[in-house]
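Asker: If you read the protein sequences in the order shown, they are chains D and H.
Every letter in the first sequence is one number past the one before it in numbering that gives the first Met the number 0, and letter 201, counting from 1, is 200.
Every letter in the second sequence is one number past the one before it in numbering that gives the first Met the number 0, and letter 163, counting from 1, is 162.
In short, the hints are calculated from the structure, not lab data.
A portion of the hints provided could be inaccurate.
[Claimed, not checked] No farther apart than 25 Å at their CA atoms in a straight line, the calculated lysine to aspartate or glutamate pairs in the DMTMM-like style are these:
(1) D:Lys200 / H:Glu664
(2) D:Lys144 / H:Asp519
(3) H:Lys384 / H:Glu212
(4) H:Lys605 / D:Asp186
(5) H:Lys362 / H:Asp376
(6) D:Lys43 / H:Asp459
(7) H:Lys605 / D:Asp163
(8) H:Lys385 / H:Glu208
(9) H:Lys49 / H:Glu136
[What the hints assert, rightly or not] Residues on chain H that point at chain D, a partial pick, calculated with CB under 10 Å:
(10) Gly99
(11) Pro113
(12) Ala151
(13) Thr169
(14) Gln171
(15) Val305
(16) Asp459
(17) Ser604
(18) Lys620
(19) Pro636
(20) Gly652
(21) Phe658
(22) Asp662
Backbone N, C-alpha and C define an ideal beta-carbon position, used for all residues, glycine too.
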Amino acid sequence: MKRFPVGLLALLLVLPGCTKRGNVNPSLSSKVYGAQIVQVSGDKQAAGVGSKLADPVVVQVNGADGSALAGALVSFQGDGLVLIPTEALSDAGGQVSVSVQLGGIPGSYQLVADTPKPGGGSTTINVREMALGYQEKVGKEVSYKYCTTCHDPESTPERVSNLDNLAPPLPHQFTDGNTLNNMSDADLIKIIADGGPALGKSPQTPAYRSTLTQAQIKAVVAYIRAIADPPYQPPATKR
Amino acid sequence: MSLGNQFGRVWRFFVGTAPRRFASVSVLLAIVSAIAPTKDFFSEWRHYQKEYLHLIRTRPDAGRLQRRFESGIHQIWIPEQRVVDRCTTCHVALQEASLGDVRKEPFRPHPAMPHSLTEFGCVVCHHGQGAATTVQEAHYSTKAWEQPILPARYLESSCGQCHMDALEGTPQLNLGRRLLARYGCAHCHAITQPDGTLVAPVDEPPSLEHVAEKTTREWIFAWTKNPQAYAASATMPNYRFSDQEAADIASFLVAQSTPSDNSARELPKSVASLPGSDTVQESTSLYGTLFCASCHAIQNAAGNLVGGEMAPELTRAGNKVNPDWLRRWLRAPQGYDPKTRMPRYRFDEKQITLLASFLLSKKDDDLLANVHLPASDAQSIARGKKLVSDYGCVACHRINGVKQPESFAPDLSRIGSKPLFQVGFLRGMPETLPDYIAGKIHDPRAFGPALKMPNFSLTDGQIEALTTALLAQTDRAVTMPPELVRSSPHPKYHPGGDAGRLMEDLRCQSCHAINGNGGDMAPDLTFEGSAVNRAWLLDFLKNPNTLRPALIRRMPKFNLSEAETKNLSDYMLSAYEASGFDSQALDLSTLNSDAAARGKQLFYSKYACQACHIADYKKDKGYVGPALAGVGDRLTPVWMYRWLKNPNALLPGTPMPNFNLSDDEARDLTAFLTTLKEHKKRGGK
Chain D
0 MKRFPVGLLA LLLVLPGCTK RGNVNPSLSS KVYGAQIVQV SGDKQAAGVG SKLADPVVVQ
60 VNGADGSALA GALVSFQGDG LVLIPTEALS DAGGQVSVSV QLGGIPGSYQ LVADTPKPGG
120 GSTTINVREM ALGYQEKVGK EVSYKYCTTC HDPESTPERV SNLDNLAPPL PHQFTDGNTL
180 NNMSDADLIK IIADGGPALG KSPQTPAYRS TLTQAQIKAV VAYIRAIADP PYQPPATKR
Chain H
0 MSLGNQFGRV WRFFVGTAPR RFASVSVLLA IVSAIAPTKD FFSEWRHYQK EYLHLIRTRP
60 DAGRLQRRFE SGIHQIWIPE QRVVDRCTTC HVALQEASLG DVRKEPFRPH PAMPHSLTEF
120 GCVVCHHGQG AATTVQEAHY STKAWEQPIL PARYLESSCG QCHMDALEGT PQLNLGRRLL
180 ARYGCAHCHA ITQPDGTLVA PVDEPPSLEH VAEKTTREWI FAWTKNPQAY AASATMPNYR
240 FSDQEAADIA SFLVAQSTPS DNSARELPKS VASLPGSDTV QESTSLYGTL FCASCHAIQN
300 AAGNLVGGEM APELTRAGNK VNPDWLRRWL RAPQGYDPKT RMPRYRFDEK QITLLASFLL
360 SKKDDDLLAN VHLPASDAQS IARGKKLVSD YGCVACHRIN GVKQPESFAP DLSRIGSKPL
420 FQVGFLRGMP ETLPDYIAGK IHDPRAFGPA LKMPNFSLTD GQIEALTTAL LAQTDRAVTM
480 PPELVRSSPH PKYHPGGDAG RLMEDLRCQS CHAINGNGGD MAPDLTFEGS AVNRAWLLDF
540 LKNPNTLRPA LIRRMPKFNL SEAETKNLSD YMLSAYEASG FDSQALDLST LNSDAAARGK
600 QLFYSKYACQ ACHIADYKKD KGYVGPALAG VGDRLTPVWM YRWLKNPNAL LPGTPMPNFN
660 LSDDEARDLT AFLTTLKEHK KRGGK
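Let's have the full structure, built from the sequences with the hints guiding it.
Answerer: Given below as structure tokens:
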């Protein structure tokens with residue numbers, strides 16, 4: 000008589016623990032397998048360290064015939080990134096979107112999206128995002144004020160691009176890693192400080208030596224390095 | 000019984016005889032004195048230091064790194080900042096730039112930063128417990144210490160503890176501070192900043208003292224229910240009032256309304272306008288050519304807002320305003336609201352009729368279609384008055400018969416150091432201060448249905464920025480030594496005399512800054528008197544044309560009279576002068592044709608000025624700086640010369656670089672620029 004309520008009580012205490020554990024890690028499963036996963040939008044965004052990217056990363060799962068595949072399992076992972084959700088099933092358009100919070104250290108982050116293939120194994124895609132530290136943030140502000148009007152072909156309501164108004168040779172976009180990665184820090188600093196003619200280039204790039212501080216110029220270079228595409232490899236680690 | 004017996008045996012074994020007593024005490028002493036060294040030997044930091052030495056052994060500069068490494072506990076002590084930081088005990092390589100490729104913590108070097116480690120330590124920026132030597136105690140909050148590490152996303156808040164001015168490296172903090180002022184947070188909350196000043200709101204919520212003249216009870220109801228349904232860009236928050244509450248508030252606001260100065264003005268006869276599509280086209284183009292969109296936005300067919308955000312959105316203005324009120328307002332805005340930022344344009348009756356017809360056509364028939372309010376009665380008005388006073392509406396709006404509440408909402412001056420035990424967290428939310436502040440801004444009523452703080456429609460990024468700005472309000476910031484607080488003075492400046500009244504009437508400072516006071520939409524006028532020629536200024540004020548081809552926001556035409564133009568020009572030319580602009584600065588006789596020819600060479604070849612400026616509309620296309628065709632009419636030679644020598648000295652923060660020109664080069668360029676005249680403008684339209 001006396002044992003029964005005690006046992007019941009024990010059971011009641013144990014049960015919530017069980018259900019809770021079940022809820023913590025809901026694992027999705029799917030019987031739909033994609034042949035290919037592609038990036039739709041949200042790659043190569045740059046934001047301050049630790050902050051959430053303005054736009055989610057969207058990927059799409061395609062079947063063997065190349066058409067969008069609904070209900071396929073996609074999982075996301077990335078060192079140092081906070082990803083919500085970490086796995087999801089693709090929607091009617093074959094797409095999955097994930098919100099990304101960057102890590103606390105400046106630099107590049109890789110987001111890997113992964114979907115299982117029909118015969119085992121999986122197919123993946125890498126998405127690169129950039130976290131800007133203090134120096135890169137300064138560089139971004141400085142370049143928005145002094146540089147992007149000519150170096151960025153895109154116009155915004157606040158800033159109309161001046162690139163089309165220039166005479167050739169035209170300026171390079173700061174993301175143009177194929178060109179700018181081949182220039183040393185010293186050369187970039189020189190061209191900003193002393194203008195295009197200092198390196199035998201166009202005088203349309205003015206000299207900023209008397210306008211910007213050395214720290215600001217270095218910050219612009221750091222920003223250019225941070226957003227370079229393909230990514231910039233500093234010479235020390237190249238070897 | 001048996002337990003006592005056993006204890007007695009043990010007792011006798013250890014302390015039964017004198018030698019046994021001595022041995023026991025010795026062993027005990029040895030154990031006790033070994034505790035500290037043992038703990039020390041197995042400590043976390045020693046483990047990290049060993050791992051670091053192992054890590055650097057294989058580096059190319061191992062020898063140098065080893066020489067620079069010191070074992071033991073490291074400490075940064077800065078008494079005046081109350082900093083005792085031992086973080087460098089584990090974070091051993093913060094200053095070793097050569098380890099830039101190392102990814103493993105705690106061995107990474109610190110990324111580039113504006114301050115030195117020895118000057119400020121670690122916790123001033125990163126928070127946490129500096130004196131601790133274990134990860135758990137240093138990084139996380141404990142019972143004895145509530146200050147955990149500040150997440151990287153809010154790191155800029157730490158800069159805000161000393162820096163009051165917008166820094167280049169803190170875009171998020173700057174945005175947060177702008178939002179604090181823009182969204183009217185400071186109307187209800189007092190926020191004393193590190194320099195001792197209060198956050199001053201920059202939004203100007205309208206006075207409601209004469210609101211019945213302007214709009215209807217139905218519109219007030221709909222707006223009160225959901226401001227964003229009327230205007231997507233509205234900053235008025237949603238208070239989630241019930242239908243009954245909103246109707247009561249609308250009843251009260253209409254009942255308290257008194258006639259404005261404008262209501263006494265006789266309404267001029269409306270100019271008979273052409274019916275049909277011509278009027279529509281004419282009124283739309285007038286709205287464009289008057290540059291109303293410099294300040295007001297209207298949603299286009301695609302749903303995008305087009306126009307400025309200084310003044311209210313007009314997408315559905317036709318649903319709101321009384322046509323007679325609108326015509327009086329367009330005539331004299333200050334007669335309705337003396338504090339409005341809208342200038343008094345000298346519109347003629349035809350312009351007023353056209354503008355009114357344009358604005359009244361901007362409506363959405365669905366907005367008020369289902370609003371049917373019962374007749375207002377005394378009880379409803381009384382309930383409305385109580386709601387208005389309970390919810391602190393007068394913290395923002397002027398309303399007849401309701402007093403401004405005192406300390407209506409909590410003071411937020413030290414919110415960044417609010418003790419966690421005072422915080423009521425929501426179930427399931429991470430129990431940290433940043434999460435609490437962000438959660439509170441995101442959905443205040445989730446913390447209690449009776450709370451008054453309304454729901455602001457903010458994006459995640461805006462909430463992150465606001466949280467950053469509020470986290471800067473720490474105890475440390477309040478007690479920061481004054482010599483460390485960096486802020487610029489905010490002088491008050493109002494132009495005086497007749498011209499001053501005219502400038503007030505035209506609300507020049509809504510857009511232009513003068514002596515550090517005013518808006519930033521249009522050029523700073525502090526030294527305008529030294530910069531421009533009188534003839535040009537007279538012409539420009541009569542018929543402002545843009546100097547910057549790429550600008551969408553432009554100076555509107557005020558239809559000034561001859562006398563007003565002259566009065567304004569004379570005042571600006573004499574009052575807004577820079578020092579050192581006498582004839583000594585430049586010998587005008589040297590500006591001859593030879594110099595101009597050399598200057599032209601410099602302009603087009605050496606300095607490629609045409610990349611940014613247009614000297615000749617036929618061949619130049621530069622869109623960055625103002626057009627220089629006609630600059631010889633506009634600017635004085637001395638100004639040009641001084642500007643070319645050092646633009647930043649005349650206008651701090653200008654994007655025009657300082658080319659470090661020699662005196663001769665600056666003179667030659669000036670000579671060239673003075674030849675750029677636009678003769679056709681004079682006498683023409």
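Asker: Taking only the CA atoms, is the gap from D:Lys43 to H:Asp459 under or equal to 25 Å?
Answerer: 20 Å, holds
Asker: Next item in the hint list is H:Pro636. Is there a CB on chain D closer than 10 Å to its CB?
Answerer: 22 Å, violated
Asker: Holds or violated: is the Cβ of H:Gly652 closer than 10 Å to a Cβ in chain D?
Answerer: Since the shortest Cβ distance to chain D is 8 Å, the answer is holds.
Asker: Within a Cα-Cα threshold of 25 Å, do D:Lys200 and H:Glu664 meet the stated pairing?
Answerer: 21 Å, holds
Asker: Please work out if H:Lys49 and H:Glu136 have their alpha carbons no farther apart than 25 Å.
Answerer: 21 Å, holds
Asker: What's the verdict on H:Lys362 and H:Asp376, does the C-alpha distance respect the 25 Å limit or exceed it?
Answerer: 29 Å, violated
Asker: Double-check H:Thr169 for me: the hint is only fine if its C-beta lies closer than 10 Å to a C-beta in chain D.
Answerer: 7 Å, holds
Asker: Does the alpha-carbon distance linking H:Lys384 and H:Glu212 stay inside the 25 Å limit?
Answerer: 19 Å, holds
Asker: Holds or violated: H:Gln171 as interface residue toward chain D, Cβ cutoff 10 Å?
Answerer: Hint holds; H:Gln171 Cβ to chain D Cβ min 6 Å, cut 10 Å.
Asker: At a threshold of 10 Å, is the proposed contact between H:Lys620 and chain D supported by beta-carbon distances?
Answerer: Nearest chain D Cβ about 4 Å off; hint holds.
Asker: Does H:Pro113 hold up as a contact with chain D if the rule is Cβ-Cβ below 10 Å?
Answerer: At 7 Å from the nearest chain D Cβ, H:Pro113 passes the 10 Å test, so the hint holds.
Asker: Checking one constraint from the list: CA of D:Lys144 to CA of H:Asp519, max 25 Å. Satisfied?
Answerer: Roughly 15 Å separates the two Cα atoms, so the pair holds.
Of the numbered hints stated above, those contradicted by the structure are hints 5, 19, 22, listed in ascending order.
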